[in-house]
Amino acid sequence: MSAHGAVIPPASPRERVKDRGFRGLIMVCTVAGIGMLGVLLYDVAADGFGELSWDFLTSFPSAFPDKAGIESPLMGTLWLMAVCAGFIVPVGVATAIYLEEYADRDRWWNRFIEVNIQNLAAVPSIVYGILGLAFLVRGPLELGRVVLAGGLTLGLLVLPVVIIASREAIRAVPPSIREGSMALGATQWQTIRKQVLPAAIPGIATGVILALSRAIGETAPLILVGAASFVAFNPESLDSAYTALPLQIFEWISRPQDEFKLLAAAGILVLLALLLSMNAVAIWLRNRYEQKW
Amino acid sequence: MEASQSAVRAPSGTSVLGGARRRWSEDVVKAFLIACALISILTTIGILIALLDETIAFFGDVGIVDFFTGTEWSPLFADPQFGVWPLVWGTLMTTGIALIVAVPLGLGAAIYLSEYARPRVRKTIKPILEVLAGIPTIVFGYFALTFFTPDVLQGLFGQDRIQIFNALSAGIIMGFMVLPTIASVAEDAMSAVPHALREGAYGLGASKLQVSLRVVFPAALSGIVAAAVLGASRAIGETMIVLVAAGGIANTSGNPGEPHATMASFIGQTAKGDVPTGSIGYETIFAVGTTLFLMTLAINAIAIRFVRKYRQVYE
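Residue numbers (our numbering), protein chains in the order written: chain F, 1 to 293; chain B, 1 to 315.
What the hints contain is simulated information worked out from the structure, not anything from laboratory work. Watch out, some of these pointers could steer you wrong.
Unchecked claim - Calculated pairs, BS3-like style, for lysine-lysine (alpha carbon to alpha carbon, straight line, at most 25 Å): (1) B:Lys272 <-> F:Lys261; (2) B:Lys208 <-> B:Lys126; (3) F:Lys67 <-> F:Lys194; (4) B:Lys208 <-> F:Lys18; (5) B:Lys208 <-> B:Lys123; (6) F:Lys194 <-> B:Lys30.
Claimed, not checked - Computed footprint of chain B on chain F; a stretch qualifies when at least three of its residues, placed anywhere within it, have a C-beta under 8 Å from a C-beta of chain B: (7) 32-39; (8) 127-135; (9) 219-225; (10) 245-259.
To be verified - Derived list of chain F stretches under chain B, where covered just means 3 residues or more per stretch with a C-beta under 8 Å from a C-beta of chain B: (11) 22-28; (12) 96-110; (13) 158-172; (14) 267-278.
Beta carbons are placed, not taken as given, at the ideal position from N, Cα and C, and that holds for glycine.
Work the whole structure out from these sequences, hints included.
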């Protein structure tokens, strides 16, 4: 009998109350993550802001907290980023060009390269540290605990990020551009170099910056391939010993005295400032040069 | 369009555009590109060789059965014990705590962003979550050790229940670290559910709550499980939060208020003191690394199977 009555019953007040309650609950879930980010930033700023000064940026690490600074870790981080960028830009872009423009998807080895890159993106960062320790620092290459080994380890770690972003940027260039170029007699490589790459550069640059912003905060692999704990000099070449900002922060956190914890917080503020400005550049690039075809 | 394609493909002898002679430089470029693409393969092979080489040496000194069944881990003591279980237990405990935090919060946020939030709200919240995802883990470690443990956990439960180094704080903060990953992957899965399903449910008189939980959620289940597993695999491999906030003492106790060590934190801690090549301490890094690597692989394989089995394909 009831089946022939109201086939579509109106939402009961009880359902509405439940709906409202559920909406409130999931809004709390969303706000929890944002709130935690806010508390974290506030806590670090409150601890570290008082330590920030020009002297902090231009002094070397020291056993005396009031004299300690981050000049050598900061320079080490910049050297690492330069090596990392010098590795991931050519290798990442070349891999992306090969996979998008040359590779035949029907061949098993090309599919294997793709799956392999996805899997590499899921390997824990400390395992890359083990790779760097076994092959770059020791073993066959025997570079030692130097800038080159650290930068290459970070480069291998973030290479999948660059490849995936560059592939998307290259894929977004419409085929008609390539066809037009080839119709005018350009070879495949001329087409890629003069047409596809210039159009894809904003997307590639965004991917590279995001990869570097991940590499700059990585600490775990650097513990394995990194420098001695006390470095009071700036790196001068690729085979210099070094320390890096996250390593120095970790070193300060590990000390029991509160003064060093405050220095760690100030170091974190510098690290976060670098990170946020890199992200801002990436967002600006994306918005400024984004092309709609 | 048709004409331009046929011009490109025309036999070189008859083309008005001139002969397309093969240039050797094209082959050189292609060879260089292939060489770069092979670096990712070499990386995988390198990881396998790096891990297995020293791991085999390690199992020459320590029985493989003792390693996987032993319940005491003290490799650097005078009378060393090499049972990996305490490290696995610490890893499972911190990962479990992280998931208890991150799965409900992450899925709640995903449902809100995908089903409830207006486009403008979503456009504001997603970048903020991306910033949270980009915070270096050493920063989370600092936060757990200097704020969350003393000011929140010890304030709530007292200093006698929560030690300054403890697995609970590391696990909870790790949960916030993986929350954005879970929220973003799950939101993508829910947004991909076709609108026809939602409209059909609304047409039958369902409320938004019913549509979200009984229509969209089950339809996106494979993606949601993938999100949770991705979060788990990031938590398992996380080093710095545990190393800084959980104390690094291999411990089989079930009490999360005590210090614990995980596989990743043990590797970091041991590598910090410069261990000599070839020593048993050096080899343990690789043996534990292999165990961690296999565990991550297994979890990813389970995720892929689960997704394949339950994936719903629409149209």
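Hints not upheld, ascending by number:
Number 3 only.
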